[in-house]
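S.K.: Make one complex out of these two single chains by using the hints.
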Amino acid sequence: MMGSVYALLGIGFSLSWGVMKVINISHAAFGLLAAFLAHSLLQWLGIDPILSVVISIPFLFLIACFIYRFLIAPITQAKEVIVSSMILTFGIAIILENLMLLIWSPDPRVMTTGYTSKVFVLGPFYFQYPRLAGFFMAVIGVLIIQFFLKKTYTGKAVRAAWQQPEAAQLYGVNLTRISMITFGLAVASAGAGGICMAFLYTFDPHTHNLWLIYLFLVVIVGGVGNVLGTALAGLIVGVITGLSLAFLPYQWVNLLTFGLLMIILIFRPQGLFQSEV
Amino acid sequence: MISSSSRRIFAVITVLLACLAVFPWIGVPVYFVSLLFIVCMFVSLSTSWNLIGGYAGYLSFGHVAFFGIGAYTTALIAKGLHLSHFWTILSSVPAGFVAMLVAIAVGYPCLRLRGPYFAVVTLCFAFVVDLGVKNLDILGGPEGLWLKSPELPIETIRAILFEAMLVTMVLSIALSYWTGRSKFGAGLRAIKEDEEVAQTMAINAPRLKMQAFALSAFCPGMAGGIYAYYLTYIHTDIVFDMMISILIVLMALFGGGGTLMGPIIGAVLLTLINEGLSTFVKAELARIIYGCLFIGVIIYLPNGIMEFFKNDRCRFRMNKLKGIKSELRIEP
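Just so you know, the sequences run in chain order E and P.
Counting from 1, one number per residue, gives the positions in the first sequence under this note's numbering.
Counting from 1001, one number per residue, gives the positions in the second sequence under this note's numbering.
Extracted from the complex, chain P is given alone in its bound form (with noise of 0.2 Å):
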């Protein structure tokens, strides 16, 4: 039963990446193919900000770093080696492969830190880097890096930068699949849950946590290296925008962080919604419409969206016995 179901379930998700890759080639407007490499874009940034975020409690805020980092190197590599189309996309692995080493070297010392002071730390880093690359000249400093863009039509390098980001985007999805069933992500769980009751129980605590962090720091940059190509210009406010790295935390705890489908319902609706609002109202009006969500959200739902679809009644009554427990328990 199990495995025709699971199987059942492995053909819609084959069928439906299927017509996403086909998509950019029916020759709907460019736009909307634009459109959905965004969204991409952003379900693979907070997928992979969830395997440290989500699993392991650690609320990065410095994962734009990890973007802009990425963004650079492909840059960089791509000018400095005169790399062909082709070679210029595939660059972003190795942009992916520098990221997973900086998160390794910044995550040593500050993966010791913990709840708020973590997700301080982190936002620090990401200003660090930011002002550090603008400060430096061969780095493009305050102008900027250029990227040849390909002799093509626009329909063509957009969906070819669209396939890449699938394949960034199944990626980073089929990580964090593999984490939420294996031994790596329950004791990932165990750690969010109670870390030193988790470290007596045999579980290395700052080794876990060291690869789920470098983990996640894999498939940022990768998309930060094709978000470079597709941009053709990088400068230090766009890829190292502190808002992106604000926007990754929230549409993975909109959703649901430590869920599978969590972040990617929140990157999509949260990129749908903010795109739509946009197109309608005022800029600004659209912000605050942006900000009451993320507060009525965090109110009626503070588990995130995923709560609300398994929110049956077997489940609302574990939920309310279990608030009259923890009632009780505060009962002095």
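Excised from the complex, chain E in its bound form (with noise of 0.2 Å):
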């Protein structure tokens, strides 16, 4: 359960990472800063975390277009994008942290709705409403993305960019224009996620550096920009997480899951679902 909202969360990074060669270290932190909005606006005005997406969406996705403009766009035609990039978001990373921690400042947080401890009853096993929410917002997010590469033309060109970026800016893609789009998409999306993880764990500012960890582990076990993949990988971590819990003391289970990304990493860099890289 847990899993779809990693494979959420990592289906945006994935995309920067593939399309435009854009690691965002960042990406986490705006998934907690959708959290952190979802939270206030649940306290100050009793909007419900689930319609928060409505307006913490539209607003991450206006500042990722703003800052791919004016921040990544100026670096995009540097020798090694990859690794100026990852320093830039860091330093994003950064700024969104202490901005965090000076509007909320660093107590963890929980969000509880009117329906947190309630209950569903399916047969043998028992949901509960927040899991199944995040839940449900994951599968629904996943869908969302998968449409919109597969069948809007902003989405095709999106692919065409990931495939050929030359080529298809031969065939009149725009590519700065795709670029900010799908970057704006991939923060959207991590806006979700951050959102579908609040539901299902306590954050903080620091929280964002774990979830970090877990993206990598999604992106990598699934494959650099492949958004099924991606969401596979989300489950099956879920799994691994969910039932090493029931086996492991808790401060083990993160240690079997850096061991088993980098075991992954060794073996299969170019995911378990992919023949080559």
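For the record, the hints were derived by calculation from the structure and aren't laboratory data.
Heads up, some of the hints might be wrong.
Partial list, derived from the structure: chain P residues whose beta carbon lies under 7 Å from chain E [stated by the list, open to error]:
| hint | residue |
| --- | --- |
| 1 | Ser1034 |
| 2 | Phe1097 |
| 3 | Pro1116 |
| 4 | Val1120 |
| 5 | Cys1124 |
| 6 | Val1128 |
| 7 | Leu1215 |
| 8 | Asp1241 |
| 9 | Phe1280 |
| 10 | Gly1291 |
| 11 | Phe1294 |
| 12 | Ile1295 |
| 13 | Ile1298 |
| 14 | Ile1299 |
A virtual CB, placed ideally from N, CA and C, is assigned to each residue, including glycine.
M.R.: Right, here's the structure in full:
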């Protein structure tokens, strides 16, 4: 169940890595920002976190477009885009983290809604409502992105730019605009993912570092730029962490996760579902 | 001509080092000695990171692991053998070798990966070591380890440890200097430019990368050992702090990767700026300014601060020419 949320978080990350060769270290930080926004909206105005997605997604989309236009676009001509983008977005992550610290203080938060402790019973299974909500939001998010990539013109252009940036440009694809939209979407999906994560776990302004590791895990297991692979990988990671929680003491679970990521990286850096890099 | 000018540079460096070495003994407040200690530590860390990250272009985000391994090795040796103070400082040398051995073991599988994959695998390695040490009770576990502090005035202890760190720094800079001028360094640069081509030119890329990785782990191990004794208390959250790892990378790239002076300038500048900012403004605001700094440097000086100093007119024109050439190439 948590797996689907990892998948939603991971897809945007995978998109920006795959299409623009930008590794967005601040991806999880944007997710966290959305989580904090949702939390505040819930506290001050009583807006349901699920509804707050409607507010925070356009907001994040605009911020991301802005960031892309003025900060990332200038460096895409550099020789080592990946390296410089990592440093740049790390700078953004630091700024976001400390802005959140300034605004929301370092106390850990929990998203508490009217239905937090309610349980949905289906035969022998018990589902907690917040988890269900997170799950459905994640599934819908993944489907929307998949639909966008396969059916809309912009999505097709994104996929074309992915395969052959120069050829796509020849066919009249405006690469800068496409990249901007992709980046905006990626960050917006991070926002949705962040809100889902907030349903499942406590969070504070430093949490995004841990989320980032899960992002890398999900994206690399799924194969960079592979949306369905990322979704599947999210589920697998969710199942593995869930199962290992049942058998191992809590502090060993993260160790297992990182060890697993190392092993996968060493033996199959192209991801589990792709035959070659 | 060349030999006289290089002799002059050598003289200047010797005088500078002598000044640095004398600095803690002339009665300055202990705060400045500590600050200089941290500066030296980061200079040696980012200079050694530069061997693999700058010259060979393999971005290792796991160098904090070597630092932490060095710290824990020193602490364990000192505790296990009940060493005297002098020998405790010297035990940072075997700590460096332990870090080097770990680097060889880890580098063997990991150095086959490239680009971001290598960055991520080393990041994971650092986390694995961190969590592993935290969960092992023999290594102090979540409580950390205490080292005995010598019964001397704090100024003297800090001064002695500063000298030790200075030696480490000089060692790492000498290594970097040698790498920059030797065949070894040329091979690493070739790997950075294009690994396949380098290999067809009979450069043994895997071996060179391995040597660079092992060498770049040695000085962080030593620095870690000295730092452990400086703190007298080590905990995984302190010596395996991911921030250190990221800072090392940023300092080197900030100054200019693959150059001798770049990491030194980057480390000195960033440490001083961080210290200065956090003295005058709120910690969060300081961090925000820090973040803006990274963004600014990456956008305006993508090859690091060193670029700024080299930017005389001739070079500027060359860059312009290169820019035109690359534009021509992209144009279909």
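S.K.: Could you work out which of the previously given hints the structure breaks and list their numbers from low to high?
M.R.: Of the numbered hints given earlier, those the structure breaks are 1, 2, 7, 8, 9, listed in rising order.
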